[in-house]
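A.B. asks: In my numbering, the protein residues as written are 1 to 207.
Hints should not be assumed to be uniformly reliable.
Unchecked claim - The calculated lysine to any residue pairs, modelled on SDA-like cross-linking and capped at a C-alpha distance of 20 Å, are:
(1) 66 / 102
(2) 172 / 146
(3) 65 / 146
These aren't lab readings, by the way, just hints derived from the structure by calculation.
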Amino acid sequence: MVFRLSLQTFLLGNKSLSLFVPGETEVKQAYESGKLDSPFWTQVWPSAQALALFLLDHPELIQNKKVLELGAGLGLPSLVAAQTATSVLCTDYIKEAVDVAQKSADYHSLENFSTAVLDWQRLPTDLDVDVVLLSDVNYEPDAFSVLVKMIRHFLQKKVTIVLATPQRLMAKPFVESLLSFRVRQEERTVLSDTNEHSVTLLVLAKA
Numbered sequence: 001m002v003f004r005l006s007l008q009t010f011l012l013g014n015k016s017l018s019l020f021v022p023g024e025t026e027v028k029q030a031y032e033s034g035k036l037d038s039p040f041w042t043q044v045w046p047s048a049q050a051l052a053l054f055l056l057d058h059p060e061l062i063q064n065k066k067v068l069e070l071g072a073g074l075g076l077p078s079l080v081a082a083q084t085a086t087s088v089l090c091t092d093y094i095k096e097a098v099d100v101a102q103k104s105a106d107y108h109s110l111e112n113f114s115t116a117v118l119d120w121q122r123l124p125t126d127l128d129v130d131v132v133l134l135s136d137v138n139y140e141p142d143a144f145s146v147l148v149k150m151i152r153h154f155l156q157k158k159v160t161i162v163l164a165t166p167q168r169l170m171a172k173p174f175v176e177s178l179l180s181f182r183v184r185q186e187e188r189t190v191l192s193d194t195n196e197h198s199v200t201l202l203v204l205a206k207a
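Based on the provided sequences and hints, a complete structural model is requested.
C.D. replies: Structure representation (C-alpha cells):
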C-alpha cells in the first residue's frame, strides 16, 4: 500500500536528520479497514533513535565497514550509518518500508545506501557484511530462539552486532543469552512523544 509521505526531522544530540514517514491518520485508517496488516514499520521507534545516537557517538564501529540493518523499518539507523560506513544495506521483510527508506536515502543523495526485502528468519547465505544493526527486533518471545540463532551465526563469522532493545521484562532472558559476547553496553533514555523510554545498547562480538 502506498502512503502519502512527509519529511520528519529527528534531533540526534547536536545533529538532526530528516526522513520520510507515512501520515499517521492515513496509516490508522488503513489498519482499521484491514488494508494494512502491520503498522509497526510506519513510525520510528525509540530504540531506532537510540541506535542512531549510539552510532553518531561511536562512529568507529561502522567507519569504512559494510553495514547491514535487519528489520529496519523506516531506516533511521541505516541513514545515520551511511554517513560513515563504506556501504549500507537497509532491509526489512515489508517492501513498503524499504521503499520509503530508499526515498529518504535519495533525498540525502546517499550513493552508498541500498535496500532489499529480507526476512531475518530466512537470510541468504552469501551476505558479505562487517556489522549488523538491530533495533527493537526482540518483541515476540516465540521468535527469541530463532533470533539468537541468527545472531550467533553472524558472530561465528566475526561480524559485529550492534543491538538496541527496550528494557522489557519479557526480553530479559533473550538479552542474558547474549551477554557472553558483550564488548560494550550502554543505557540510554530517549524522549519520544513526550515520554521517556529506556533503551539498552549492546555491542556483541566473538573473541
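A.B. asks: Each of the hints needs a verdict: does it hold here or not?
C.D. replies: Taking the hints in turn, this is what the structure says about them:
Distance hint between residue 66 and residue 102 is fulfilled; the C-alpha atoms sit about 17 Å from each other, no more than 20 Å. At most 20 Å may separate the alpha-carbon atoms for a hinted pair to count; residue 172 and residue 146 meet this at roughly 16 Å. About 26 Å separates the Cα atoms of residue 65 and residue 146, which puts this hinted pair outside 20 Å; it is violated.
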